[in-house]
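Given these sequences and hints, build the entire structure.
When we follow this note's numbering, the leftmost residue of the sequence shown carries the number 1375, and every step to the right adds one.
Since the hints were derived computationally from the structure, they do not count as laboratory data. Be aware that a few hints might be false.
[Stated by the list, open to error] As a list, the in silico DSSO-like pairs of lysine-lysine whose alpha-carbon atoms are at most 30 Å apart:
no.: 1; residue 1: Lys1462; residue 2: Lys1425
no.: 2; residue 1: Lys1468; residue 2: Lys1425
no.: 3; residue 1: Lys1462; residue 2: Lys1596
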Amino acid sequence: MHAPAAPLASAPPALDAGNGRPAASGRYRGAIGDLSTAAWDGGGRRRLQRKAWLYVSACTARYSVGYAIVDAGLIATAFVYVFDRETKKLVEEKATLPFGFAASFAPDWRRPWQLARAGKRWQVTPDAARGWQVRFESARLRLALDVERGGEGLTAISSAPGRPFHHTWKLCAVPSTLRFTLDGVAVDVPASSAIDFTLGYPPRSSLWNWASLDGAADDGRKLGLNLVAHFMNGLENGLWLDGELLPLAQASFAYDPANLMAAWRLRTEDGIVDIRFTPEGQRTEHLNALVLRSQFAQPFGRFEGHVGQARVRGFGVVEEHRALW
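See the structure below:
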């Protein structure tokens, strides 16, 4: 077994410590208080380089939900999907909007996000005490996901070649309530959720594998996993075990790029994580907006394996994303 990952320090109060430089690269326990990027957004960086998104998931024994609002500078995108593993039915709504966010938009997971296009509306409303109200409305689907505010978030900051920095904040395995009405049928169930907030200036050419997994050990302990490879030097790899946040080492993703619906194997170099992920469906999207291109695939499904000595199982997503931005 490799040496354990370094312990987590407390997050710095601001991205900019008052000297025009980002906070030191590394991973931290908790959140950065001031996420202003004003020190770096001049010279076209706001539109051409800065990217931000807020992603929320929900898992139950029957349903998987993915939801995101993205500010990609020149364009804004959003999606929501509901997968019913009992009927194998997948319903998805999405939108793309040029210059969908104002130049003055300051992304933060503690502030509201919203995007509307062609009768579809995405809205996330944070509440400091209670959590997040995640909403979507269209003619076909109405969805409400209430995510509780609990547990410790993981902050990661990394250098980005030729650009200021990249930053993300993750929180996994938190209780939520999922309600939706689809084609006139209403569902109201307890769920478990993860939140992925990203704000930074990723490399012009980016590739990553990512996994967000939610489940339990055979002894009943609740667990969440956030894993990434080929990006941010593994700094965002973390395990939430009964609400306690533990850092993990570098992760590897073994899968067939020509068949993303085949099984994946996810491991960490410290030997703690070794799990098999079996896709049940996937969401894909390919964008080509002149200077911005993105090839995105996100299989969702089941996982089973080991975390430490514990046998674990649950649900979640894995991802392959190639981008030129």
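Do the hints match the structure? See the list:
A threshold of 30 Å between alpha carbons decides the hint, and for Lys1462 with Lys1425 the separation of about 33 Å lies outside it, so the pair is violated. The hinted pair formed by Lys1468 and Lys1425 meets the criterion: a straight-line CA distance of about 18 Å does not exceed 30 Å. Restraint check: the Cα-Cα separation between Lys1462 and Lys1596 comes to about 26 Å, which is no more than 30 Å; the hinted pair holds.
The structure fails hint 1 only (numbered hints given earlier).
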